[in-house]
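Participant: Following the hints, complete the assembly by docking chain X onto the known chain V.
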Amino acid sequence: MGKVAKRMSNELVSLHGIHKSFSGVEVLHGVDLTLGAGEVLALLGENGAGKSTLVKILAGDIEPTSGSIEIRGTKLAKLDVYQARQLGVRMIFQELNDAPALTVAENIFLGQWPHSGPFVGWSEMAKKAQAVLDRLEVDIPVDAIAGQLRVGERQLLEIARALTQDTKVLVLDEPTAALSNVEVERLFSVMDQLREEGVGMIYITHRLDEVARVADRVQVLRDGSSVLTVDAKKASREDLVAAMLGHASEKNVRPQHHETSEPALKVSGLTSFAEFTNVDFTVNKGEVLALFGKIGSGTAEICESLFGLRPITSGRAEIFGREYKAKSAGDSADQAIGYLPADRQRLGSFPVRSVAENLAVRSWQKMGRFGFVNRLLEHQAFSRWAEALRIVSRGSTQTISTLSGGNQQKVLLARWFEAQVKILLLVEPTRGVDVGARRDIYEIIREQAQSSGMAVLVATSDYEEVVLLADRALVMSRGEVVSELTGNSVEASKLIAASS
Amino acid sequence: MSNRKDTELEQEQAKSRRRIPDVAPLLGFLVLLTVFFTVTSPYFLDPDNFKNIFVALAVTGIICVPGTMLMIAGQVDLSVGSAAAVSGMILANVVNDYGITTGLFAVLAFGLVLGIVNGFFVTVVGVNSLITTLGTLATLYGIALLIGNGQTLMMKNFEWLGTAQPAGIPLPIFIFFFIAVIGIITLRRTRFGRSLYAIGSNPNAARVVGIRSNRILFASFILSGLSSALAGAILTSQLSAGDPNAARGLELEVITAIVLGGASLAGGRGTMWGTIIGLTTIGVLNNGLILLDVPTFWQRVAQGLMLILAVSFDATRERLASKRR
Numbered sequence: 000m001g002k003v004a005k006r007m008s009n010e011l012v013s014l015h016g017i018h019k020s021f022s023g024v025e026v027l028h029g030v031d032l033t034l035g036a037g038e039v040l041a042l043l044g045e046n047g048a049g050k051s052t053l054v055k056i057l058a059g060d061i062e063p064t065s066g067s068i069e070i071r072g073t074k075l076a077k078l079d080v081y082q083a084r085q086l087g088v089r090m091i092f093q094e095l096n097d098a099p100a101l102t103v104a105e106n107i108f109l110g111q112w113p114h115s116g117p118f119v120g121w122s123e124m125a126k127k128a129q130a131v132l133d134r135l136e137v138d139i140p141v142d143a144i145a146g147q148l149r150v151g152e153r154q155l156l157e158i159a160r161a162l163t164q165d166t167k168v169l170v171l172d173e174p175t176a177a178l179s180n181v182e183v184e185r186l187f188s189v190m191d192q193l194r195e196e197g198v199g200m201i202y203i204t205h206r207l208d209e210v211a212r213v214a215d216r217v218q219v220l221r222d223g224s225s226v227l228t229v230d231a232k233k234a235s236r237e238d239l240v241a242a243m244l245g246h247a248s249e250k251n252v253r254p255q256h257h258e259t260s261e262p263a264l265k266v267s268g269l270t271s272f273a274e275f276t277n278v279d280f281t282v283n284k285g286e287v288l289a290l291f292g293k294i295g296s297g298t299a300e301i302c303e304s305l306f307g308l309r310p311i312t313s314g315r316a317e318i319f320g321r322e323y324k325a326k327s328a329g330d331s332a333d334q335a336i337g338y339l340p341a342d343r344q345r346l347g348s349f350p351v352r353s354v355a356e357n358l359a360v361r362s363w364q365k366m367g368r369f370g371f372v373n374r375l376l377e378h379q380a381f382s383r384w385a386e387a388l389r390i391v392s393r394g395s396t397q398t399i400s401t402l403s404g405g406n407q408q409k410v411l412l413a414r415w416f417e418a419q420v421k422i423l424l425l426v427e428p429t430r431g432v433d434v435g436a437r438r439d440i441y442e443i444i445r446e447q448a449q450s451s452g453m454a455v456l457v458a459t460s461d462y463e464e465v466v467l468l469a470d471r472a473l474v475m476s477r478g479e480v481v482s483e484l485t486g487n488s489v490e491a492s493k494l495i496a497a498s499s
Numbered sequence: 000m001s002n003r004k005d006t007e008l009e010q011e012q013a014k015s016r017r018r019i020p021d022v023a024p025l026l027g028f029l030v031l032l033t034v035f036f037t038v039t040s041p042y043f044l045d046p047d048n049f050k051n052i053f054v055a056l057a058v059t060g061i062i063c064v065p066g067t068m069l070m071i072a073g074q075v076d077l078s079v080g081s082a083a084a085v086s087g088m089i090l091a092n093v094v095n096d097y098g099i100t101t102g103l104f105a106v107l108a109f110g111l112v113l114g115i116v117n118g119f120f121v122t123v124v125g126v127n128s129l130i131t132t133l134g135t136l137a138t139l140y141g142i143a144l145l146i147g148n149g150q151t152l153m154m155k156n157f158e159w160l161g162t163a164q165p166a167g168i169p170l171p172i173f174i175f176f177f178i179a180v181i182g183i184i185t186l187r188r189t190r191f192g193r194s195l196y197a198i199g200s201n202p203n204a205a206r207v208v209g210i211r212s213n214r215i216l217f218a219s220f221i222l223s224g225l226s227s228a229l230a231g232a233i234l235t236s237q238l239s240a241g242d243p244n245a246a247r248g249l250e251l252e253v254i255t256a257i258v259l260g261g262a263s264l265a266g267g268r269g270t271m272w273g274t275i276i277g278l279t280t281i282g283v284l285n286n287g288l289i290l291l292d293v294p295t296f297w298q299r300v301a302q303g304l305m306l307i308l309a310v311s312f313d314a315t316r317e318r319l320a321s322k323r324r
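Protein sequence lines correspond, in order, to chains V and X. Heads up, the first sequence is in numbering that gives the first Met the number 0, so the first residue is 0 and it goes up one at a time. Heads up, the second sequence is in numbering that gives the first Met the number 0, so the first residue is 0 and it goes up one at a time.
Same shape as in the complex, but just chain V (with noise of 0.2 Å):
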């Protein structure tokens, strides 16, 4: 009680009857948030519910069909970009946005560089630099080149960056996704630092287990609506599940193990310089294997290099019992292998493209002869995924970049499958996408696997999607297997026990 009576006294942010349409379509129909200083609300609710653009109202980066916004007091009738800034407002994106060819300290005060006249002061920078990312607790060389780090690292970097300034009120869209338990701790440490320093914070998830730790009051959205708000302590997962989806959900349970015995890919003594060493693994015809471990485990790694993506120093690898050396990714899609990268902007759509050419591009091949593309069957083969996928769209011709990151991501594991790869390296696959489309998406590369007798490695850091989706899993530390799991004994307090 006593907290509720705080928060009413220190409003920070007050947003009402927001509405907004994108081209006559209202994606937001009236929506109340309220943040108080020194509170975290945890915002939640599937891909497209509208929580990025009710963040990014708040950030002045959309303009509200209408509604009111008050921030520290202040009612605002039009907020711009540079107005949120002057009242402390920060936003903290799960892309990237850095100078990767700068240096750390550079980038901590990217573009408030410390001066003397025109000259910036570098030592005085460094010192700064190194201040902050001690009370981060990260352990990076100030002098680093940002490009050249994890992207689980360049993401604190731009948390350290909105420490260094004024903020009051900070956002985070899915700042977790990329990073290793670890760093999430630490993030989740930091953020109880600044509500002690009476920061207030708007925290985006998809990941329900870490509501409860950070969070003390939760609001989920659904279509544009806001469907529930509740003490964070108060709320069940369940609860939160039905209200994100509509209806209760199913419990996390195993999926029924598929039984197979001709091996697809085998690998022997796969090393990659100190990335990876001496792996070892087959992966059966119609069999989901994941590959489970912390980023910078080697799991990804090893994807991007059996396809072609990263020097295999020793070892081999055979498919379908002849040795496979890929020399280059155009090399490895000949041979019917798919990858989905998890940097789906650098390497997986292309961005001004429709969405059934982002589907088909893999498969014009089928699609026509002598060098033709029969463009029906472009558009006729988007239909069918988004239907059995269902991807949320305007239709096939629609721009890839416009649909939401979980639609985006169904459109890029579509592609494969129409090009019925024999085998699909997938990488995070659900990284930022929702809980609803999730299980879609575990369902359908089960079924694509036991319908086509696709062999699909997966390598992924949540155990929740080594439970749910693979047969068989391997959990990797420090560039090396360290275990096997199969069968009903994968279970999470198992990986996550043999992965730390």
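No lab work stands behind these hints: they were computed from the structure. Quick caveat: nothing in here was measured; it's all calculated off a predicted structure. Keep in mind that the hints are not guaranteed to be accurate.
Computed footprint of chain X on chain V; a stretch qualifies when at least three of its residues, placed anywhere within it, have a C-beta under 8 Å from a C-beta of chain X [what the hints assert, rightly or not]:
1. 331-339
2. 351-358
Pair ranges (Cβ atoms, derived) [stated by the list, open to error]:
3. V:R368 <-> X:F49: 33 to 41 Å
4. V:R149 <-> X:L111: 44 to 52 Å
5. V:A211 <-> X:F312: 46 to 54 Å
6. X:F35 <-> V:T73: 48 to 56 Å
7. V:D60 <-> X:F176: 46 to 54 Å
8. X:T39 <-> V:L101: 50 to 58 Å
9. V:D60 <-> X:V30: 33 to 41 Å
10. X:T37 <-> V:G16: 49 to 57 Å
11. V:E209 <-> X:V126: 43 to 51 Å
12. X:F176 <-> V:N96: 43 to 51 Å
13. X:L319 <-> V:G66: 21 to 29 Å
14. X:P41 <-> V:G66: 58 to 66 Å
15. V:D222 <-> X:F35: 45 to 53 Å
16. X:V310 <-> V:F118: 29 to 37 Å
Pulled from the structure, derived: some chain V residues nowhere near chain X, Cβ distances all over 10 Å [unchecked claim]:
17. H15
18. A36
19. F92
20. W121
21. L135
22. R149
23. R153
24. E195
Note that beta-carbon positions come from the ideal geometry of N, C-alpha and C, so glycine has one too.
Facilitator: Below, chain X alone, put in the same frame as chain V:
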């Protein structure tokens, strides 16, 4: 079941047709220009004048076809103007001594070699195409001057390529339309064309899905080289002389037409139709200015301004598109 999907598809296609195309503002501008020149000059609407406009455009247009392909793939070929000049000089030399057939072969061989050189530096060595072709532009201009020792070379008995009028329509226009139709089909319907869009939209992702980007770009540069050579031959035939300065600034006109037509400088977007409309706009403007007795130097000024206008338009559209997201 499939019937329902087909109807859905039709609706979808109808929807995309109803959406205002990127070239709509340009088309509006073209109509305005046409109306303006019709009112101000009595000769503008004359069919012979239209013939003139398109004959003037044919040379540029032939180069614009592979130019659009390259722009869509995020590349640019600046060497086209100098290449046309060199092929004109080669043609004038060879035709006078060895005849027409040998002359045409020599010219096309030159185009092929140029395409291979540009393609090699861009795809194998990995030099940015702007810089590579800026280099070949300068080199070839020098070579064009060297061949004729800085002079214009007269050429005999080979006017038909540039001036024949089968069925009353000048041959260069036929050639241009033929190549343009191939370009339209290639971009819209072939794997090669669709791959160009993919490469321009995201080269890294194109690699991951197994598109042989280097081969495709290499081929596009060869097409660009060949069409520049052909354009140079037509120009030389029209003039009955190889003039090292005849095709100066042609690359500017080509790029202006392509960008006006809606191809994105960032790659991944653009159409052949857009380029054709862009090209026509330039042609109508040039022609109108001549009819109004505006000194020809102003054509250059107008063209420069058009290019700036076109790229500003491209930049504005990019910004609006990212805002709408």
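Participant: Evaluate each hint against the coordinates.
Facilitator: Status of each hint after checking the structure:
Counting residues of the stretch 331-339 of chain V whose beta-carbon sits less than 8 Å from any beta-carbon of chain X gives 4, enough to reach three: the coverage restraint holds. Interface restraint, the stretch 351-358 of chain V with chain X: holds (3 residues with C-beta to C-beta distance below 8 Å; minimum three). As the Cβ distance of V:R368 to X:F49 is approximately 39 Å, the hint placing it in 33 to 41 Å holds. A beta carbon spacing of about 47 Å between V:R149 and X:L111 agrees with the range 44 to 52 Å that was offered as a hint.
Range check, V:A211 to X:F312: about 52 Å between beta-carbon atoms, so the 46 to 54 Å window is met. Hint check: X:F35 to V:T73, Cβ distance near 51 Å, so the stated range 48 to 56 Å holds. For V:D60 and X:F176, the Cβ-Cβ distance of about 47 Å falls inside the hinted range of 46 to 54 Å, so the restraint holds. A beta carbon spacing of about 56 Å between X:T39 and V:L101 agrees with the range 50 to 58 Å that was offered as a hint.
Look at V:D60 against X:V30: about 37 Å separates their beta carbons, and that is inside 33 to 41 Å. Look at X:T37 against V:G16: about 54 Å separates their beta carbons, and that is inside 49 to 57 Å. The given range of 43 to 51 Å is respected by V:E209 and X:V126, whose C-beta atoms sit roughly 48 Å from each other. Distance hint check: the CB atoms of X:F176 and V:N96 are about 48 Å apart, consistent with the given range 43 to 51 Å.
Under the hint 21 to 29 Å, the C-beta atoms of X:L319 and V:G66, about 23 Å apart, fit the expected range. Between X:P41 and V:G66 the CB atoms are about 60 Å apart, so this pair conforms to the stated range of 58 to 66 Å. The hint said 45 to 53 Å for the Cβ distance between V:D222 and X:F35, and at roughly 51 Å that hint holds. A hinted range of 29 to 37 Å holds for the C-beta pair X:V310 and V:F118, which are about 35 Å apart.
Distance to chain X confirms V:H15 as a non-interface residue, since its nearest Cβ pair spans about 24 Å, more than 10 Å. The Cβ of V:A36 lies farther than 10 Å from every Cβ of chain X, with a closest approach of about 32 Å, so its non-interface assignment holds. For V:F92, the non-interface assignment is confirmed: its Cβ lies about 13 Å from the closest Cβ of chain X, beyond the 10 Å cut-off. Even its closest Cβ contact with chain X, about 31 Å, leaves V:W121 beyond 10 Å, as expected for a residue assigned away from the interface.
The claim that V:L135 is not at the interface with chain X holds, since no C-beta of that chain comes within 10 Å of its own (minimum 31 Å). With a closest Cβ-Cβ approach of about 18 Å to chain X, V:R149 is found to remain outside the 10 Å limit, as its non-interface label requires. Remark: the non-interface label on V:R153 is consistent with the geometry, its nearest Cβ contact in chain X lying 18 Å away (cut-off 10 Å). No beta-carbon of chain X comes within 10 Å of the beta-carbon of V:E195; the shortest separation is about 37 Å.
Checked against the numbered hints listed earlier, the structure breaks none of them; every hint is satisfied.
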